[in-house]
Amino acid sequence: MSITYINDLRNGLRELLKSDKTVYLIGEDIGDPYGGAFKVTKGLSLEYPNNIIQTPMSEQGFTGMGIGMALNGLKPIVEIMFGDFITLTIDQIINHLAKFYEVYQIDISFVLRTPSGGFRGYGPTHSQSLERLFFGIPGITVIAPSIINSPGKMITKSVYCNRPIIFIENKLDYSKVLLPTNKLINDICFINPIDSVQNFPMHKITIPEMQPEATIITYGGMVPACMKVQEELLMEEEISTEIITISNLTDIDFTSLLNSIESRKVITIEESWEKFGWGSYITSKLTQSKPFEHTSNIGAKNCYIPAAKELEDYVLPTTKTIYKRILEEIK
Amino acid sequence: MSITYINDLRNGLRELLKSDKTVYLIGEDIGDPYGGAFKVTKGLSLEYPNNIIQTPMSEQGFTGMGIGMALNGLKPIVEIMFGDFITLTIDQIINHLAKFYEVYQIDISFVLRTPSGGFRGYGPTHSQSLERLFFGIPGITVIAPSIINSPGKMITKSVYCNRPIIFIENKLDYSKVLLPTNKLINDICFINPIDSVQNFPMHKITIPEMQPEATIITYGGMVPACMKVQEELLMEEEISTEIITISNLTDIDFTSLLNSIESRKVITIEESWEKFGWGSYITSKLTQSKPFEHTSNIGAKNCYIPAAKELEDYVLPTTKTIYKRILEEIK
Amino acid sequence: MKNKNNIYKSLYLIRSFEQTLETYFSKGQIRGTTHGCIGQEVIAVAAINNINIEQDWITSNHRCHGHFLAITNDPLVLAAEIMGKNIGVLNGRGASQHIRLKHFLTNGITGGMIPIACGLALSKKLKNEPGIVLAFLGDGAMNEGYVMESLNLASIYHVPILFLLENNMYAMSTRSANVTAGNYQKRIDSYDIPYFETKDNDYFTIKKTFQEAYKFVKSQTKPAFMECKTFRFCGHSKSDKKEYMSQQEIQKWNLEDPLLKIRKDISEEEAIKIEEEVKTIVKEAFQTASSSSPPDPTIILKHVAN
Amino acid sequence: MKNKNNIYKSLYLIRSFEQTLETYFSKGQIRGTTHGCIGQEVIAVAAINNINIEQDWITSNHRCHGHFLAITNDPLVLAAEIMGKNIGVLNGRGASQHIRLKHFLTNGITGGMIPIACGLALSKKLKNEPGIVLAFLGDGAMNEGYVMESLNLASIYHVPILFLLENNMYAMSTRSANVTAGNYQKRIDSYDIPYFETKDNDYFTIKKTFQEAYKFVKSQTKPAFMECKTFRFCGHSKSDKKEYMSQQEIQKWNLEDPLLKIRKDISEEEAIKIEEEVKTIVKEAFQTASSSSPPDPTIILKHVAN
Ligand SMILES: Cc1ncc(C[n+]2csc(CCOP(=O)(O)OP(=O)(O)O)c2C)c(N)n1
Ligand SMILES: Cc1ncc(C[n+]2csc(CCOP(=O)(O)OP(=O)(O)O)c2C)c(N)n1
Ligand SMILES: [Mg+2]
Ligand SMILES: [Mg+2]
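Line order of the protein sequences matches chains A, B, C and D. Numbering follows the numbering used here, in which position 201 of the first sequence is assigned residue number 201; successive positions increment by one, without gaps. Numbering follows the numbering used here, in which position 276 of the second sequence is assigned residue number 276; successive positions increment by one, without gaps. Numbering follows the numbering used here, in which position 171 of the third sequence is assigned residue number 171; successive positions increment by one, without gaps. Numbering follows the numbering used here, in which position 269 of the fourth sequence is assigned residue number 269; successive positions increment by one, without gaps.
No lab work stands behind these hints, which were simulated from the structure alone. Each hint can be trusted.
Estimated spans, in silico, between C-beta atoms of each pair:
#, chain 1, residue 1, chain 2, residue 2, range
1, D, Glu249, B, Asp20, 30 to 38 Å
2, D, Thr280, B, Glu329, 48 to 56 Å
3, A, Thr255, B, Lys228, 33 to 41 Å
Residues on chain D that point at chain C, a partial pick, calculated with CB under 7 Å:
#, residue
4, Gly145
5, Met148
6, Glu149
7, Asn152
8, Ser155
9, Gly182
10, Lys186
11, Arg187
12, Ser190
13, Tyr191
Since the structure is predicted, the reported quantities are computational estimates derived from the model, not experimental observations. We treat Cβ as the ideally placed atom computed from N, Cα and C, and that holds for glycine.
When you get a sec, could you build the whole thing from the sequences and use the hints?
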């Protein structure tokens, strides 16, 4: 039975509201009939009106309000309408939430959800992947599901893992259908979970019976693009690759990751800027554990995200540019 | 003639105010008699009262105000009292200033100055090195002088380089005396500028007539600590190291950097959290250009910065821990 | 002095532009998003017609087409920008919400231009430049902390800024009255900023009050705030069906369409002539824009560090 | 009901604590920084004496020693915290500005606790818990945007919070009147929040008004705001010499030292007895703290992810 990412996510939120009266959704325009800018919460305010708090445009204020609720044992899930606007929550998250969690040494349930990413022509302030602002901040865990995770299950886990979670969704993923694991997909690849102690899984997407020539490490909205590249590399160049997807972006189990890399070439792919990106941390740690024949990091060019399609596709890592870069690099 | 970092910086600001009527200092408590929380601007409001704008506690508002002034051709230098509070300027800097600069394709003079760093027992919200929040954001350049640069000259360059600059000072550096280049220091080392096309210099600190066994790459407030470690490694273990200091943290001339590394082992050192830190980008790029025998990144532990001395010294990279780690790693 | 025909033409240009844009969007001929200002055109035109376009700066927001057209009368560069074409104002780099032309600036963060507008105004004062800053904002933006900080900053530094609140009573789907304590007049008052108000969404009322407010700012070198009650006839953005509004509300305001009010003072014949003329201009602008070339990717690198 | 002797004792405990702390700092026996509340003690004690310490939450700010001591009467754990000792409230992890004890919370970002205090208050309402939130803030904090946002949030959600503004007229060295438009009463009014005020920095006036405000919040489940005019007799932080204040101003307020006012109603003998007693307690607390052990570094890892 196939389900879209957005429906799965909404089901997850609905289940949370149903089973736990201390869960609250907080944000701008999340109530009905609007149901949020991307319709993630549509219908929920009709079913659970007392647990949906529609806010004024005061991102700092209502993020802090959520933190206060969490300090008194409630389980707020704060929505920031576009990932670009998390800039307004940075102080409350880094200087307050993270500090309370660590300095006061308390368990806390606090989730901030936000849709990240470009490719929709929204322009410079509505297309960024700013989750990077939280990478490496002690006390903050950044989670990003992709179409091979159930975002509904992941949001539930996030609510119950007793620590501050930034939950990154990708705008393009909402309408996509989730992919099954342990099943041949498109006659091409298998998706398998990677054994790990992690609460939030890593997966490997492999082409059966072929030794991978390169390992692609990625997350979130880049997963479908990477799968497309994997398919094309196979079809057009008979090159086999493996893709490792990570859902806990900040607390990476490097032992499991290293164990599951079967090629000698590692390429990280992220939608955000390659410069000082997520990927460079990964490859830096990996090469410090063992030598690789090749490592590289693919991401957006060092430039704002422009609106026009031709420009956006030039700046962001598209299937085409990823394909080309990988081909150049592993040859 | 020796001069302290703070006096040199203040002289630089004074010269700017004197020679350019479009330069404005903006910030909380920067006027006299207070002269700023760290006294950097002391006296300046008496000499140039019309160009000092003392503000209410509205970091977002007055940062944005500075941006507006810059858009109309003035040259604002905004002070944020502690580096920890740049969290409040993130939206104006990333979603406005950076975008104006790049999207509108205009020259702009805008400098945000702030003192960063710990080791003073100020506790979790007054000790961080949050400049990392700006690393890799297109349109934003992060500059950090150290005691081997003239912060006064660097702030002047920053004002006239026609693009947005985040200028990171280090609290511990203020009272230190600037070091001369091309001169034997403490009978131990020489400091030489590295040939580079960069506007903001890199320097190399070398022990004459010895082949370095490791290369330390660092910036800002960690420079004195690294020099101490260099000295101790020499005295106690007869190990020679070279230190490369970088003052433009975000636009790194990797060609010059690579050319000037004379050992096969690279260790980056930063005061901020090692996890997803500045150093991992450096080592990741370096190893992608050529193989090294060893690379590693030293920074703060993955933990808030606690107040008590014993705890702070445990979390932050002290001379002791750096010494120990380097010794372990290069042996 | 503009006469009614000219005013109607300016208003109709905006309306026709927004309607055409909606059509293009609904046909899937444009990507991205956009925010129409149908119903609010009178504010843009009344304000912009009564400033000094050479001296004053204008900051806008996501709902900026009306402001832009009132200033430039140029639907082509705007349509092309929104479509991501090279002849667009910024070569399609910014699209609907991220535009700059001379003294006109917009950005996509609600209320985020307000601190910047204060800085522009302060710079004019410090440089002894003539002119003021006209800063448009919406009722939703009024609850952003940095907007409130800016009211204080504008007041204490006596900067020549006119805040122009287009109060269409909604921030996206949220009725501002439900999430806003007190009222705007009291809030503005509490910052010692003079408050001006129009309630009827009528061109001439707005013009008259605007002139007063503008004169105050200019002559006193001090901020003023003007609230215009208005109504957005279209959705918040391209796909919004306005389900959160009541039918009565919509009907009530529709009856008071400010364009119809002005149209009544023009002969039917002239009105139709203006409308046809404008429609043709707009249609051709969209067609020209549509068939024009996209930008070359390298243009974006022009001002990018490294 | 506390009698005057007890009140004086609480007040004198805070004063003596802050003075001793200053001595330790000036001798270089403590690192870090600290913010004394000498002159403002009456607000802390009058407020805390009149809340329900079991039910209510208290959020504080950088200037928190008075609040903490009024609640706990425990100078030892506070002194030890500031000195970075293991027996400190948080084992020396937070020091002067970062403290938590049960329902009492502080942090180092000016005004940053205010949105959080609103959330605590909302949570109490949603959970149907008895009690309110008492949120201390300073006049400087009043200009932070997130504080203004919070006033609106508190008002629209009807949360049981009492904002308590300790208006000592200065934010660090900045005279708030110079950088703050209008006045606080008007500002609070504009958010439809009832405003209470005391002007004389007197324990009993503050107590009386506080009780009214507290009762309002509790009975109505709605926010209220109380402004207490006060004066900081000490520097902003450890090394501040108050050069930005005029001698007249300092002298005028010194004459009205609220502790002396209360002391007048107690016999000299009793007063001296209280003072000696308190001084001994404080002295011993500092000595015990000073000679106690530092924390073991591993304790910080207790709640750190990974
Ligand atoms: C900081 C920020 N938060 C949220 C948004 C999403 N958003 C765009 S416009 C808008 C509503 C704005 O309402 P208002 O200020 O009244 O202007 P109007 O749309 O009514 O013209 C929202 C929520 C945004 N762009 N920026
Ligand atoms: C966001 C932020 N900006 C600046 C500071 C530095 N700072 C600490 S206290 C203070 C003054 C606060 O004034 P007020 O709110 O009146 O409280 P008071 O010190 O008078 O008790 C300043 C500027 C800070 N801690 N946080
Ligand atoms: Mg509106
Ligand atoms: Mg104060």
